[in-house]
Amino acid sequence: MSIYDGLKKTFWGPTIAWKRLFTRPVTIKVPEVYREAAERYRGFHVNDWDKCSGCSTCSKICPTDAIRMVPVDITVESGKKAQRPAIDYGRCSFCAMCVDICTTGSLNMTREYIHISDDPGTFFFLPDETGIHHDIPPMGYSRDENSELLDLERVVMKELPGEERIDSFIEFVKGYSREQAIAEAARCVDCELCVEACPVNMDIPRYIESVFHDDTEEGANWIYKTNPLPSVCGRVCTHKCETVCSIGNRGKPLAIRWLKRYIMDQEKTEDVIRYASNGEVVKKACGKVAIIGAGPAGLSAAYYLSLMGYSATIFESKALAGGVMRYGIPRYRLPDEALDKDIKVIESLGVEIKCLTTVGKDVTLEEIRDEYDAVFLGTGFSKGRSTGVEGVDSEGVIMAIPLLEKIRDYLRQGDGEKPPVTDSVIVIGGGNVAMDAARSVARIQKMERNHIDVKVTSLESMEEMPADLEEILEGKEEGIKYFPSRGPKEVLLKDGKIYGLKTIACTRVFDDDGRFNPRFDESDLSTIEGTMIIEAIGQAPDYDFLPVEIKGEIQFIRGRILVNEKGQTALAWLFAGGDIVNGPDIIHGVADGHRAAIGIDEFLAGVKK
Amino acid sequence: MSKEVKLFIGPNHPGMHGNASVHLYVEGDTVVRSRLVPGFLHRGFEKLMERRTWMQNLALIPRICVPEPDINEMVYAMAIEALTKVEVPERAHWIRMLILELARIASHLMALGGIGGSTGLYTMPNWTLADRDLILDIFEKITGARIYHMYIVPGGVRKDLPEGIKADILKLVDYIEGRSEEFENLLLKNRIIRTRTKGLGVLTREDALKLGISGVALRATGLPNDLRKIAPYARYDHVQFEVPTATEGDAFARFTLKYYEMGQSLRILRQIVEKIPDGPVNIRISEGSALRWKVPAGSVYAHVESSRGEYGYFVVSDGSERPYRINVRGASFPQGLYGIEKLLPGTRIEDVALWLATMDFCPPEIDR
Numbered sequence: 001m002s003i004y005d006g007l008k009k010t011f012w013g014p015t016i017a018w019k020r021l022f023t024r025p026v027t028i029k030v031p032e033v034y035r036e037a038a039e040r041y042r043g044f045h046v047n048d049w050d051k052c053s054g055c056s057t058c059s060k061i062c063p064t065d066a067i068r069m070v071p072v073d074i075t076v077e078s079g080k081k082a083q084r085p086a087i088d089y090g091r092c093s094f095c096a097m098c099v100d101i102c103t104t105g106s107l108n109m110t111r112e113y114i115h116i117s118d119d120p121g122t123f124f125f126l127p128d129e130t131g132i133h134h135d136i137p138p139m140g141y142s143r144d145e146n147s148e149l150l151d152l153e154r155v156v157m158k159e160l161p162g163e164e165r166i167d168s169f170i171e172f173v174k175g176y177s178r179e180q181a182i183a184e185a186a187r188c189v190d191c192e193l194c195v196e197a198c199p200v201n202m203d204i205p206r207y208i209e210s211v212f213h214d215d216t217e218e219g220a221n222w223i224y225k226t227n228p229l230p231s232v233c234g235r236v237c238t239h240k241c242e243t244v245c246s247i248g249n250r251g252k253p254l255a256i257r258w259l260k261r262y263i264m265d266q267e268k269t270e271d272v273i274r275y276a277s278n279g280e281v282v283k284k285a286c287g288k289v290a291i292i293g294a295g296p297a298g299l300s301a302a303y304y305l306s307l308m309g310y311s312a313t314i315f316e317s318k319a320l321a322g323g324v325m326r327y328g329i330p331r332y333r334l335p336d337e338a339l340d341k342d343i344k345v346i347e348s349l350g351v352e353i354k355c356l357t358t359v360g361k362d363v364t365l366e367e368i369r370d371e372y373d374a375v376f377l378g379t380g381f382s383k384g385r386s387t388g389v390e391g392v393d394s395e396g397v398i399m400a401i402p403l404l405e406k407i408r409d410y411l412r413q414g415d416g417e418k419p420p421v422t423d424s425v426i427v428i429g430g431g432n433v434a435m436d437a438a439r440s441v442a443r444i445q446k447m448e449r450n451h452i453d454v455k456v457t458s459l460e461s462m463e464e465m466p467a468d469l470e471e472i473l474e475g476k477e478e479g480i481k482y483f484p485s486r487g488p489k490e491v492l493l494k495d496g497k498i499y500g501l502k503t504i505a506c507t508r509v510f511d512d513d514g515r516f517n518p519r520f521d522e523s524d525l526s527t528i529e530g531t532m533i534i535e536a537i538g539q540a541p542d543y544d545f546l547p548v549e550i551k552g553e554i555q556f557i558r559g560r561i562l563v564n565e566k567g568q569t570a571l572a573w574l575f576a577g578g579d580i581v582n583g584p585d586i587i588h589g590v591a592d593g594h595r596a597a598i599g600i601d602e603f604l605a606g607v608k609k
Numbered sequence: 001m002s003k004e005v006k007l008f009i010g011p012n013h014p015g016m017h018g019n020a021s022v023h024l025y026v027e028g029d030t031v032v033r034s035r036l037v038p039g040f041l042h043r044g045f046e047k048l049m050e051r052r053t054w055m056q057n058l059a060l061i062p063r064i065c066v067p068e069p070d071i072n073e074m075v076y077a078m079a080i081e082a083l084t085k086v087e088v089p090e091r092a093h094w095i096r097m098l099i100l101e102l103a104r105i106a107s108h109l110m111a112l113g114g115i116g117g118s119t120g121l122y123t124m125p126n127w128t129l130a131d132r133d134l135i136l137d138i139f140e141k142i143t144g145a146r147i148y149h150m151y152i153v154p155g156g157v158r159k160d161l162p163e164g165i166k167a168d169i170l171k172l173v174d175y176i177e178g179r180s181e182e183f184e185n186l187l188l189k190n191r192i193i194r195t196r197t198k199g200l201g202v203l204t205r206e207d208a209l210k211l212g213i214s215g216v217a218l219r220a221t222g223l224p225n226d227l228r229k230i231a232p233y234a235r236y237d238h239v240q241f242e243v244p245t246a247t248e249g250d251a252f253a254r255f256t257l258k259y260y261e262m263g264q265s266l267r268i269l270r271q272i273v274e275k276i277p278d279g280p281v282n283i284r285i286s287e288g289s290a291l292r293w294k295v296p297a298g299s300v301y302a303h304v305e306s307s308r309g310e311y312g313y314f315v316v317s318d319g320s321e322r323p324y325r326i327n328v329r330g331a332s333f334p335q336g337l338y339g340i341e342k343l344l345p346g347t348r349i350e351d352v353a354l355w356l357a358t359m360d361f362c363p364p365e366i367d368r
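Chains as they are written, first to last, in this note's numbering: chain A, 1 to 609; chain B, 1 to 368.
Chain A with its partners taken away, still in its complex shape:
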C-alpha cells in the first residue's frame, strides 16, 4: 500500500486553520501576565549565608566555571571560611550541580524565569536568601536523595568486635585496605576547611588526593612536611580536622585519621626516613639545643631543629622515648611498633635521645643551660589529680596515669610487675584517660579472671562527658558500666579494705558561662560497689625539676607556663610547649614543637650575630 493512500488529498482541508481566528491565543502576554515556573525549576540561585561554610565545592563542580568564591566581610566560626559563592550568569548553564553537591544544603534555586537589567554588573551576582531580585523568591530546585552528588557514608573500618577485642591488648582497629582507602579518599571534596582546623595545618587534602591516586609515597611526603609523628597521629589524634570536615555537615566526615594511618602503614621505615630528610631543610644552621622530655612536643621540636641543622639532644627520664604515647595511651589504641617507627625516623636525622636521664637528679638544668645554646621544655602532664574526698588516701585508691604506665610496662616486658587490678573496679572521671584506664583494666580482668566488672562514674552526664563518643561506645561494647552525673563523696572502707564509693547526684557541671562549676544534690545518695578505685579526673604538670630561681623568673598561669607566640618563656634561652603550655593533646604538642623550633632558630640567629 502506498503512503499516499493513507490520507486522501483535499482541497478545502487547509481552511481548517481559519477557525483558529475565533479562539483565544495560546501565547502569554509577558510581562503583563506573570508566570511562575514549575516547582523544580532551575532558576536563579539563593544561598543561606548562615548555613554556607564557604567550602567552595560548588565552584569546583561547576561545569562552566561560573562560580567564583568571593571574600566577604563577615565573622565566621571555626570550620567555616569568610567567602561565599558568586555566580556569573553570563557563564552559568543552570545545571544545578552546585545545588546537588552543596555540602551544607545552603544553595538552592528559585522559580524565577527572568532577570532583566541594563547594568551588566547585576549578572555577576553574590546570592543570599533574598535572591537576585532582593525579594523573597519562590523556591525552586533543591537537592534530594536521588540527586545527591556527595558520598555521605564512611567506608567502614574493620574492627574486632567488643567481645573479641577485650581478650587482649591487640590493636583492634585493623586499618584500611588499598581499595577501602581509595574509596574513602574519593569522598573528599578538597575544601581545605580541615587545614585551618588542624593545629599543625597539615596539607590534608593533598595527602588524601595522593591516596586517591594510589600514590602513598607522595602522601607520606606531604605528611612529613608538617607532622613528624604521623603513625601516632594516624591512630590517636583528636582529629579536629574531622570535626570541621564539610562532608560531616550532612553525612559522616572523612576518616582523615585513618587515611593518614593507611599511608604510613604502606610505607616502609627506610623509605620514610628518606622522605623525612628530604623535607624542607630551612637552612644549615649550627648550634646545640637541649630538649627535656621525649613526648610529642619534644620529638617534634627535635625533628624540626634537626632539619634546620641544629644538633638536638633529648633528655628523657623514662627507659623509652615517647612520653604519653609510650606510657599513657593504651596499647590497643597505639601499639609500640607505630610509635617506634616515628621515633626511628626522627632519630635517623641525628637526634640523640638520652633515656633514663632525669633532669634535676642525674643532671641539673643549670648544667644543661651551660652546655647548650637553648633549652626546650616539653615535660607534659605526668602527675594525676586527686578528688581529695574522704578515704582517698587508703590503699586500693590509685591514679590513672601511673596505672596506665604500669600496664604498658607489664605488657611490654611480659614478666614485669603485675598491675594491681581487683575483680571490681571503679573509675572516677569522664575523660579519655578515664576511658583508657577503664578499658585497660577491663582487659586485664578478662585475661586473668574472665570476668569484667568496671564502673565509670563521672560528674558529667552521658552527653556532656568529655571523652570521645567512640571511646564511650566502644567501652560500652566491651562491658563497661556507666554511672554518669554522680559526684564522689566518700571511699567506703571496712577493715581497711575498700568496698565501695559513696556518691551524690551532680545536678550541674558547668555554669551559665560554660565554666566548670559543679552543683550537687546532697540528698541523692547512692553507693557504687567496688574493691578498687582509680582516679582519672585530670592530669597536672610536675615542675620539681625546675630550680627555684628559674621558677621565679618564668611566669605561670593556672599551672601552665606562659610563653610568647614563638614558644619562648620570659627567659630568652628557655622555650616550652606541649601539655605544660596548651594542655593535653598530642597534635597541639607537635604544633608547639614546630613553633618553638622556629622560635629557637630565630633566637639563636640573633645571639650569634
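What the hints contain is simulated information worked out from the structure, not anything from laboratory work. Some hints could be false.
[Stated by the list, open to error] Heads up, simulated EDC-like pairs for lysine to aspartate or glutamate below, C-alpha to C-alpha not over 20 Å straight-line: (1) B:K294 with A:D215; (2) A:K8 with B:E184; (3) A:K174 with A:E337; (4) B:K141 with A:D167; (5) A:K476 with A:D73.
Because the structure is a prediction, the values reported are computed rather than measured.
We have chain A; now place chain B onto it with these hints.
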C-alpha cells in the same frame, strides 16, 4: 549552453536547521553540484568532553542537539553503565523511556513545523511549536528545565517523577491526539504540499545503506529499521508499538512517517503511564563524591533511535576521572555531509530547503 551559477544557502539557519552553509552550483533552476561547508556550529564538544569530569559533561552533552537533547544523556548514561557494569533500577528505565518519547514527539513536531517553514505554510510551525511548548511544560515539571534537562544520569534519573505528572501526561496525549485532524488537513492532505513533495528527493535503499543513512529516510524505503525494535534499550521490549514504513522513499513519505511515528509515541506514552513500576529511580554508580568519579577503563558504543535515526556515542575510558575520548555518531551525519553532495543534485533550488528538512539535516551532529 546554460551557465553554471554558484549560490549559497546559509550559513544562518538554512530553513529550520542549525548553522551550516550549503554551496549550490545551479544551471537554471536545477542544482547540478552541491557541497556542505560545515564548521559554523563547531563548538568542539568531543574535545571539551575530554577536559571535563564525567559528571561535568552532563551539562555539556545535551547541547549537541537542541530539539532532542535527551538522546545525548541517554547514550552517555548507557555507555557509562556498560563500562561500570551497573544495572539501572526498573523504574528508571520506564522514566527514561517516558522522557525519550516525549522528546521524540517534541522533535517530530518541530520537524513537521519545518516542512511548513520550507514551503511557506507558516501556520504549521506556529501550531507545532505551540504544542511542543506543552511538552516543554511537562519537561519543566519533571526535570526542572525546558530545553536542557540534564535529567537522565548514569545510574538512573536525577529525581523521581513529581506528584500528579501522570495526569498531566495523559492530558497532553489526549490533546495532541485531538490535534490530528487539524495537522492532517493542514499538512498531510494539503494538495500543494503533496504536489511539491511527491517524488522529491527520492532515496533508494541501496544509497541509504551505502551511506549509512538511518531513521525515517531509511524506513521510507521500506526497511523497518528501528533500534527500539532491533536492539531494544530501556524497556522498549515491554511496550507495544509499530514501526511505520513506506516504499516511496520521497520527501512526502519521510515526513508522513514522522507523523505516524508521533502516533506510536503517544501510544507508548499511554502504556508507560499505565505500566510504570514503583521503586528507586537510580543507584550509585561510583564511590565517592561526583568530583572524584572514575569510570573503569574500556570502550563501548551505545546507541539509541533518535527522531532522526541512529544516534550513538563511542566512549573510551582510561579509568580516570575524565573520558579519554568520546565520538558522537550524529544521526544525520551521513545525509548531511555525503548526502548533500551525492543526493541533492537534480533538485530544484526552491526544493533544497525542503530536501534538507525532510532529510533531517542537523548541523550540530556534523559539527561536534
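Evaluated hints:
Of the pairs offered as hints, the one joining B:K294 and A:D215 holds, with about 16 Å between alpha carbons and a cut-off of 20 Å not exceeded. With a CA separation close to 10 Å, the supplied pair A:K8 and B:E184 stays within the 20 Å bound. Annotation: proposed proximity of A:K174 to A:E337 holds, straight-line Cα distance about 14 Å (limit 20 Å). For the hint linking B:K141 to A:D167, the alpha-carbon distance of about 60 Å lies beyond 20 Å, and the restraint is violated.
Our distance criterion of 20 Å between C-alpha atoms is broken by A:K476 and A:D73, whose separation comes to about 46 Å.
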